[in-house]
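Using the sequences provided together with the hints, build the complete structure.
Take a look at the letters that make up each chain.
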Amino acid sequence: MATPTKPSPKATPETQPFWDATARGELHLQRCRPCDAHYFPPRPFCPTCHSQDVAWEPVSGRGRLHTYVINHRPAPGFEEEAPYPIALVELEEGPRLMANIVEAPAEPDALVLDMPLEVTFEDQGGMQVPKFRPAEPQEGAR
Amino acid sequence: MTMPSTAIIGAAETDELGTLPDRSELQLHAEAARNTLEDAKLAPADIDGIACAGQSPIAVAHYLGIEPAWIDGTGVGGASFMFHVRHAAGAIAAGLCSTVLITHGQSGRSRLGPAGGGRGRDSLPGQFETPHGIVGPPTLFPMGVLRYMKETGTTHEQLASVAVAQRRWAARNPRAKYRDEITVDDVFASPMIAYPMHKLECCLVTDGGGALILTSSDRAEEMDLPHPPVHLLGAGEAMETPMVSQMEDVTSSKAFRRSSAAAFAQAGITPDDVDHLMIYDAFAHLPIYGLEDLGFVGRGEAGAFIEEGHTSPGGRLPLNTNGGGLSYTHTGMYGMFALQESVRQLRGTAPAQVDGVEISVAQGVGGMFMSGGTVVLGRERR
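Residue numbers (the numbering used here), protein chains in the order written: chain A, 1 to 142; chain B, 143 to 524.
What the hints contain is simulated information worked out from the structure, not anything from laboratory work.
These figures come from a predicted structure and were not determined experimentally.
Be a bit skeptical, because a hint or two may be false.
[Claimed, not checked] The calculated EDC-like cross-link candidates involving lysine to aspartate or glutamate, where the alpha carbons are at most 20 Å apart (straight line), are:
(1) Lys10/A x Asp264/B
(2) Lys6/A x Asp36/A
(3) Lys292/B x Glu90/A
(4) Lys292/B x Glu363/B
(5) Lys6/A x Glu122/A
(6) Lys292/B x Glu26/A
(7) Lys341/B x Glu107/A
[To be verified] Derived DEER-like restraints, expressed as beta-carbon distance ranges:
(8) Ala353/B x Glu92/A: 34 to 42 Å
(9) Pro333/B x Leu113/A: 47 to 55 Å
(10) Glu122/A x Gly457/B: 43 to 51 Å
(11) Glu122/A x Ala185/B: 40 to 48 Å
(12) Ala104/A x Arg228/B: 28 to 36 Å
(13) Lys319/B x Ala104/A: 37 to 45 Å
(14) Glu103/A x Thr148/B: 52 to 60 Å
(15) Gly295/B x Gln52/A: 38 to 46 Å
[Said to hold, decoys possible] One-sided and incomplete, this derived list gives chain B residues near chain A with beta-carbon spacing under 8 Å:
(16) Gly160
(17) Asp164
(18) Ser166
(19) Arg251
(20) Leu254
(21) Leu266
(22) His274
(23) Val277
(24) Pro284
(25) Arg289
(26) Gly352
(27) Ser387
Where a beta carbon is used, it is the ideal one built from N, C-alpha and C, also for glycine.
This is the structure we're talking about:
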């Protein structure tokens, strides 16, 4: 029996630039120029003002641990990692992404809300999926 | 039967038709919607009702940044849009909404992000949630719980007390699946499913069903019926996002707040008028969110309110009196059972009957705080 593999995302035309960037090891998001605000998930217009004056831009890859669960019943492909954290990361630029927290124990004491995180990537079926790991606090951070 | 005349004030198609390998199905909905808004010279904020088939109307509305008060996902094949027009006419005539957007988009040839459960690999959840090892609702629904606990000081014991309180009701209900009373320690001793949720803080998975029959209150009063009619005093519907990761605030349900506000306004009631309450409890935090979002208690007060027994038998706000999804039954779409218990309490036929129920509220949830529906029922019509 084949070993289960982790689920792999499949891009659509509107999300292709996001996945093209992760393939290069970069995190890119769209920013609405009139609103001067980043938004997520991708779409070719601003969900707030409907302007199509939007641009793909690299973002810092830094964020904070907003909230999480520690999943004890693994999804296919995650058997060896269980239990594992599934988190929402609030990026410095504002939007929140779901991602696994890696390079940290999957224990509540090691996963303190608002701790600083930075992006890294993991290959899942040929797609580079964003993950986050603990980071050193930035200057001026809370 | 006649009803007030309804008019179509915007109509447009996507920029192109044919083979469109550069647009997902969701984007086809959005492009058609944006062109139609332009055709009518209306802004997204002017739209307060949405209907579509294939894709979820919630996915389409969230993608467009629209917050409708009326949502119709009737999907009955290619004629769905004729149904939507009729349903919209009824909703507008009834004052449920004023301006409805009906969209169609289908990547029938290129098959880019087609509908089909809404979580395919190229759906937005399929790209931005599923790859992180989610295993259904237990990994998604409780996502905001730790944030809620941090912001409000709510404890793990208070979260567990939701399951304890509901088991007290279930112990009085012979049809409940689990009827032995439990303690907070029993909850903590049950297997961890997805921290911070233990097994006893997650709903059952069962088989079952329920149904309702509605007619006008006038006709109901003329009919020779075996049970007194239960009257609909108000109702509300709202949505937020099909992705829990994109909730505006993971510690509160916007859909709960908006649907309950609409229902209470239509019924002309406040939380003080409610004798009996059902809040869809797929997980233990839902009654906590619900008590706060519906306005029964203040921010951060719900955990203590439940822990102190105010929602338990003999308490001042009987909540989930059938035992709820945690102890009674949960087929997957439990909302029907919340409505059934509200009807029983108003008829006076519930196994754990509460004295003097004149008004009951049933709060439903869809998806992971994706949608909210509120129904206010009463013994007397207004």
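Starting from the hint list further up, note which numbers the structure goes against and sort them upward.
As far as the earlier hints go, 2, 4, 6, 8, 9, 12, 16, 19, 26 are violated by this structure, in ascending order.
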